[in-house]
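Line by line, the protein sequences give chains A and B.
Position 310, counted from 1, in the first sequence is what the working numbering calls 621; the numbers after and before it change by one each time, with no gaps.
Position 54, counted from 1, in the second sequence is what the working numbering calls 365; the numbers after and before it change by one each time, with no gaps.
Hints may be right or wrong, so weigh each one.
[To be verified] Straight-line alpha carbon distances no greater than 30 Å define the calculated DSS-like cross-link-like pairs of lysine-lysine that follow:
1) Lys675(B) - Lys340(A)
2) Lys567(B) - Lys599(B)
3) Lys709(A) - Lys578(B)
4) Lys675(A) - Lys709(B)
5) Lys675(A) - Lys340(B)
6) Lys432(B) - Lys676(A)
7) Lys709(A) - Lys340(B)
8) Lys709(B) - Lys709(A)
9) Lys432(B) - Lys690(A)
10) Lys338(A) - Lys567(B)
11) Lys374(B) - Lys690(A)
12) Lys578(A) - Lys709(B)
13) Lys675(B) - Lys342(A)
14) Lys659(A) - Lys709(B)
15) Lys695(A) - Lys517(A)
16) Lys374(A) - Lys690(B)
17) Lys374(B) - Lys599(A)
18) Lys676(A) - Lys709(B)
19) Lys676(A) - Lys338(B)
20) Lys432(A) - Lys676(B)
21) Lys695(A) - Lys567(A)
22) Lys374(A) - Lys599(B)
23) Lys338(A) - Lys659(B)
24) Lys599(A) - Lys374(A)
25) Lys342(B) - Lys675(A)
26) Lys676(B) - Lys338(A)
27) Lys675(B) - Lys709(A)
28) Lys659(A) - Lys338(B)
29) Lys675(A) - Lys338(B)
30) Lys432(B) - Lys675(A)
31) Lys659(A) - Lys432(B)
32) Lys432(A) - Lys675(B)
33) Lys315(A) - Lys578(A)
34) Lys709(A) - Lys659(B)
35) Lys432(A) - Lys659(B)
36) Lys432(A) - Lys690(B)
[Claimed, not checked] For each label pair, taking beta carbons as the anchor points, the in silico distance ranges come out as:
37) Asn339(B) - Thr588(A): 49 to 57 Å
38) Lys659(B) - Gln313(A): 54 to 62 Å
39) Lys599(A) - Gly551(B): 48 to 56 Å
40) Asn339(B) - Leu673(A): 23 to 31 Å
It is worth saying that the hints were derived from the structure and are not from the lab.
Even glycine gets a Cβ: it sits at the ideal position worked out from N, Cα and C.
Protein chains: 2
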Amino acid sequence: MQIKEISGGVCAPAGFSANGVHCGIRKNKIKKDFALIVSSVRAAAAGVYTSNLVKGAPVVVTKAHLADGHARAIVVNSGNANTCNSDGIEVAEAMCAMVERVSGIPSADVAVASTGVIGQKLDISPMLAHIDELYSGLGDNSLAAAEAIMTTDTVSKQVAVEFELGGKKCRIGGIAKGVGMVCPNMATNLIFLTSDVAISPQMLQKSLSSDVKSSFNMVSVDGDQSTNDTCCILANGLAGNDEIVAPSAELNKFRKALNYCTVKLSKMLAKDGEGATKLIECRVVGAKSLASARTVCKSIIKSSLVKAAMFGADANWGRVLCAIGYSGAAVDVHRIDVSFISHGGEVKVCRDGYGLDFSEELAKKVLSEDEVTIYVDLKSGSHKAAAWGCDLTYDYVKINGDYRT
Amino acid sequence: MQIKEISGGVCAPAGFSANGVHCGIRKNKIKKDFALIVSSVRAAAAGVYTSNLVKGAPVVVTKAHLADGHARAIVVNSGNANTCNSDGIEVAEAMCAMVERVSGIPSADVAVASTGVIGQKLDISPMLAHIDELYSGLGDNSLAAAEAIMTTDTVSKQVAVEFELGGKKCRIGGIAKGVGMVCPNMATNLIFLTSDVAISPQMLQKSLSSDVKSSFNMVSVDGDQSTNDTCCILANGLAGNDEIVAPSAELNKFRKALNYCTVKLSKMLAKDGEGATKLIECRVVGAKSLASARTVCKSIIKSSLVKAAMFGADANWGRVLCAIGYSGAAVDVHRIDVSFISHGGEVKVCRDGYGLDFSEELAKKVLSEDEVTIYVDLKSGSHKAAAWGCDLTYDYVKINGDYRT
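Same shape as in the complex, but just chain A (with noise of 0.2 Å):
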């Protein structure tokens, strides 16, 4: 199966168009903080939500919205997470109600989020103020809904690819926000995807359930998971394919393709981690079963001092067989082998859980570029996975010592 990235975003599928615009939540004037995604025809949607007992307003009401399996448009705004508001369902709601009232999309079909400070009340009348330009200049602006989604994210983060289901083109485009409070179950911060491919809910609800455990929920930056972590994609069939009802081959190269998407998306929120100087991947092969396998990467790249480690180029591999250790799951602890690998080489550290002798010159080399895996070997089982994190550095201090300022 081909898998072709293409450009475009959320607006390279067919029938989906987006716009992103300053309304005046975020002070900065130049910072866009209201967005709007929208299919020209109503879609199958599924959606993934944080597993945090303190649920944004936004979530509860986009919930209730997808509850029918369909959908049409995805406002979003930044700079306010509407969460812990007395009066926050009834902003959510307003916020979709003013869709309705521009657009003519019944605010049932609009799914809603919100990302920014907790606890401080979202007032609405900037949105109100700027709905009217939002949604008069939809068209193919993904960039514009990727930037109006951004909090302390330093790039805006889109994918899209195309890819043949019996013969038709269809594609899947994506943007995505993350940076900090990223420590997703279930789903993570603010992902948007879209697609042309026909499918119905049940079958796009399970592809997404699915495939969020690989991809999305092996992203750590910092522990912390979001109260308003919501992951939702609409698929408007569009592309002319048979619609998918049930598992099938066509199901499978759906699914892959859109992997494909959500892997690309995590490394580049990870990559993008507040403060991040480089993405760090753990790669754990070896492991008697897939959910050890998934446990042990995500202690790793979740360890403080394996994160402050990678931050200063330092090979200390022990902390990665610490945080093996105390991850929980059960391990031979004289099996193990690391390997820390980039662009700049490959270094072994350890083996059979004992260190190496290796060259302090090539572990610098190899820790010094913006991309690095640790290869961590279990030998016991042939099982794998893989989890996305980055580095701890004074800016992620920085950034989170004072962020409501």
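Model the placement of chain B on the given structure of chain A, informed by the hints.
For chain B alone, coordinates are given in the frame of chain A:
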């Protein structure tokens, strides 16, 4: 029951002497790195150890030596953890054997501990060269021992108390080191306690195992559980009280005095966490169960975002709510009250899960103190717990970005 703080650390209880010297494992000549604690008579002994699957060799050896419930000496080095080394057990046994050689104490009655970098061979020749000096200098030198077990600790940590059992004056003393890789489960880093109470090994082990759940296990600096965590206690009976051999009022008094010492050391460990500028205490009340109270406390204390906000004296209480929400404890979000309390005053920031209007000026004042309490009322029961941690600072990153060099 009266518990009086006294001086003397591990040497406060009758019959205990200690010392610490520089032997050369650390290059810095003014940094002591070799410690010994000795009881004049054989003592009941108990220990709790890391549950990390990757265990330092000294942990394995100490467990074996304490298996019969008795010991007379504790030998410790800093600068090297003797972990993930193929000759680790041999080296740890050699440390006990050198104590036997100079003191006549059977090596099977010696507990051993090491702390420092993981995965580098520990050369015993510096210790062999200085064991005579260490032993001959034994005396009222708890401070020297406390200094010799420090790694990146900025202050030495000692405690001692006096109390009465059956009309006899009894004492408990302790020293500890912490700072990084601190998130114990069953024990934390290195803690050595001494007592002149007469108590059976069984009652001593029971008391210690129970105690750590509300003391050392409630401390987190960085969420990384060390491979070398060891907490052990020797009780030599020289106070002359009737030996405690079963649950009793006397046992409860002993446990109360023990907990006084361990909580005090826990706070010292948290306050001196790597890079820390302040002690963060989290107190949770109104929980449905003790387990959920502890889970919520630990989740808040461990949150990188809460820790960074505390560093910035930023009353970002949404992050506290967030950490409660993903803790895994079943809480009713719409009952949660949160306050910040310190010598600077108290500021209530959240009631029933929603934000309160509060004075940012007062909040800044409260959070700028060097000891801050995050007070959470879950209003769902009568259980409570406390946990201790510290803020996340530039210096944590600095210290850990290049620890080995």
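Checklist entry - Holds or violated: are the alpha carbons of Lys675(A) and Lys338(B) at most 30 Å from each other? => result Since the Cα atoms of Lys675(A) and Lys338(B) sit roughly 23 Å apart, the hinted pair holds (cutoff 30 Å).
Next on the checklist: Check the hint pairing Lys676(A) with Lys709(B) against an upper bound of 30 Å on the C-alpha distance.
Outcome noted: Roughly 20 Å between the alpha carbons, so the hint for Lys676(A) and Lys709(B) holds.
Checklist entry - Is Lys709(A) within 30 Å of Lys578(B), Cα to Cα? => result holds, 25 Å
Item to check | Straight-line alpha-carbon gap Lys432(A) to Lys659(B), limit 30 Å | outcome: Given pair Lys432(A), Lys659(B) holds - Cα atoms ~17 Å apart, limit 30 Å.
Checklist entry - Between Lys675(A) and Lys709(B), does the CA-CA distance stay at or below 30 Å? => result holds, 17 Å
Checklist entry - Would the pair Lys432(A) and Lys675(B) pass a check requiring their Cα atoms to be no farther apart than 30 Å? => result holds, 21 Å
Checklist entry - Can the restraint linking Lys338(A) and Lys659(B) be considered satisfied, given a maximum Cα separation of 30 Å? => result holds, 27 Å
Checklist entry - Regarding the pair Lys374(A) and Lys690(B), is the alpha-carbon distance no greater than 30 Å? => result Within the cut-off at roughly 28 Å; holds.
Checklist entry - Is it true that the CA of Lys599(A) sits at most 30 Å from the CA of Lys374(A)? => result Judged against 30 Å, a Cα distance of about 36 Å means the pair is violated.
Next on the checklist: Holds or violated: Lys695(A) and Lys567(A), Cα atoms, limit 30 Å.
Outcome noted: OK: Lys695(A) and Lys567(A) at ~17 Å, within 30 Å.
Checklist entry - Taking 30 Å as the top limit, are the C-alpha atoms of Lys675(B) and Lys709(A) close enough? => result Satisfied, since the Cα-Cα distance of roughly 17 Å is no more than 30 Å.
Next on the checklist: Need the status of pair Lys709(A), Lys659(B): alpha-carbon distance at most 30 Å?
Outcome noted: holds, 25 Å
Of the hints listed earlier, those the structure fails to meet are numbers 7, 10, 24, 37, in rising order.
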